[in-house]
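The listed protein sequences correspond, in order, to chains A and B. Going by this note's numbering, the first sequence opens with residue 6, and the numbers climb by one from there. Going by this note's numbering, the second sequence opens with residue 655, and the numbers climb by one from there.
The hints are simulated quantities; they were obtained by calculation from the structure and are not laboratory data. Glycine included, every Cβ here is placed at the ideal spot set by N, Cα and C. Certain hints may be false.
[Stated by the list, open to error] One side only, chain A facing chain B, incomplete, derived with CB under 8 Å:
#  : residue
1  : 132
2  : 135
3  : 204
4  : 208
5  : 212
6  : 228
7  : 229
8  : 241
9  : 291
10 : 292
11 : 298
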Amino acid sequence: MSTGVVDGRSGHVHEALLYGSDEEFLATTVPFLCEGLAAREPTVVSLGEEREALVRDGLGSDARHVSFLRDGAQYGRPSGAIEAYRDLFSRHVRAGARQFRVLGALPPAATATTWSWWARYEAAVNLAYDGFPVRTLCSYDTRTVRDEVLDDVRSTHPYLTTSAGRADNPDFVAAEDFLSRPAGGVDPLEATPPFAEVLDPLPAAARDAAAAAGRASGCTATQVRDFVASVSEVVVNALVHGQPPVLLRVWAASDRLVATVADRGTGPRDPLAGLVRGSASARPGVGLWLAHQSCDHVVLGLDPDAFTVRLVVGETGH
Amino acid sequence: METREPRPLPAALTWDLHELAQAIQRRLWSSFGADGFAYDVAALAGDLVACGSAAVLMSDRGRPTTVAHSDATAADLHTVQLADGDGPSLAALRANVFVELADTVSDERWRVFSEKAAGSGVLAVAAVPMVVERSVVGSLTLYSRRPEALSAQLRTCLDLLADQAGHGWSSLVRQRELGDASEHMVKALTSRPVIDQAIGVLMAESRCTAGAAFDMLRRHSSNNNRKLRDVAAEIVTRASGAPPETPHGFTFRDGTSTRSLPTGPATGRLTVTGTDAPRGVRLAGEADATERTTLRDALGELFVRPPAPGDDLVVDVADLEFIDVACLRLLVQGADLAHERGSRLVLRSPSASLLSLLESTWSAAPMHLDVEDGP
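The shape of chain A in the complex, shown without the other chains (with noise of 0.2 Å):
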């Protein structure tokens, strides 16, 4: 069985289960879980509460060695759990594990509503993660995830993990091709007209553009700061990294705020934009981490004539 250093390499190892039972789900997770126990190795899980109480059955005794990670603070936001994560493994690296393990699953909301930015946070841990000894172990279960999700499960994992074992992947794609593709995500709002539509705008008409939106909408005074400030820093970066024309559309609704801002470049090159924090006086990237931090859905789209950022604050559930 393998622990410690897999198939030679120390750095990340990101696994995918797909299964379509209870059964199923504790023949592939126990396994991985008492595997990591009997190594020694930190051993972690972030699922929610029914996941979890079957895995605690299931272990029995020795659940209590397990450090179980409460639902939700883990995976709040894709940029937030990449840095929660790192902050997690430097910690064990510090504490001189050479070796852990994670078990996890996305909360419905994630693989339901905004899975286009999970489904970036799943190619670029690729990277993000490289360089921890870390086997992760990510659950989907295909009773109640979309096809198109699973699709991107598997574009998105170097391996695939079942009761029999971890397999080499042929669906995988690198982290950087797969970030390139187009992107979904598009919120129903954005079939009816704007609120306002400006082309070519400055950052100060585009920021009075989102504010009147934010004032005809029903959203908090934070979340219309949040909006502003967003459309304010991914226009900057049109502007000055894309190609024109930039054309800023906003749409305002009792629940939530939509942007999408579009020029003719070909976005940012950088995999991880956005995703994880800049050093503190790197250029680039700031604005765009700014806004995976302010807004509740952000979409980097790729099409043929286009590269595209949306921006929703407020109810994603649409």
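Assemble chain B onto chain A, guided by the hints.
Relative to chain A, chain B alone:
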């Protein structure tokens, strides 16, 4: 069981060589002097790999000193080396060799350093000497969170950065030592319009008055039957490595898709007022990327007459309604520079949203920006 080759480090995640050379040239004239330039170099180097950090070590009259770092991790790892008197960055500086640690967990050469590095998640290190006229003036060190060996392409990028940074640093320090000539240069290059910039360049180069510089410009223009503006633009391009900023509208820079944003009157929502007691500036209105030049000039002005140690520079933001990350970054850089000069840059009366912006963008970085409530 299947085996996988260790993947090579993705070299130059954000840059190709040409872009890198252009970027460093632009920093050379847009930074706050030599110290600011060193920070820009560290940031550029740190960005060569995903989640990288970098720091610059310079030999100050034979004493190695960390002059810039891209984040707290890099700063700490340099401090460890200086305290221990040894480490990869010092070895590169002393022996004029490229030093590489492909895996800090197993590398035995500098135990104290390696343990600290591995403990902060840094698994690979590359230190490059900075050589000017055959003597080593400093070293540039890249810290990576990935354990693999550095690729040839990344090595080339680092060599290029170290070479350009060494020469850039030396020339900026020389300018500073020449005294006010460098002030003319800095002022010339950060103010518009282009003719003023060219006059400043000529004053700095020829150590002459503004009137004499303008005469030179005019003479050259009429002798060659060319527009004064074109001659001026050429002089600025030669001195800065980049064409002068165009004040209005969106213009393409040659060979890149990067455009300069309109500045100043195009938006006009930021008001900057100089203050004398305490020395500083008062910002009112909205500060976004279109106002960057205005803000940079205003902050740069504060450093033209070096602040006395212990003398605070105050940026009053009580009436600032909005600031974006481009302008906030200038404040953070200005604070770093003040700190290096033994002074402080104090942000007076920031709003809650400004503080939360600082928190969510720079909280992981060493901050020299002090914050105080208004009177």
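Evaluation of the provided hints:
1. 132: 5 Å, holds
2. 135: Hint holds; residue 135/A Cβ to chain B Cβ min 5 Å, cut 8 Å.
3. 204: 12 Å, violated
4. 208: Check passed: Cβ of residue 208/A comes within 4 Å of chain B, closer than 8 Å.
5. 212: For residue 212/A, the interface hint holds, since the closest Cβ of chain B sits about 7 Å away, which is under 8 Å.
6. 228: Violated: closest Cβ of chain B sits about 12 Å from residue 228/A, beyond 8 Å.
7. 229: 11 Å, violated
8. 241: Interface hint status for residue 241/A: holds (4 Å vs cutoff 8 Å).
9. 291: 4 Å, holds
10. 292: 5 Å, holds
11. 298: Check passed: Cβ of residue 298/A comes within 5 Å of chain B, closer than 8 Å.
In terms of the numbered hints stated before, the structure departs from hints 3, 6 and 7, listed from lowest to highest.
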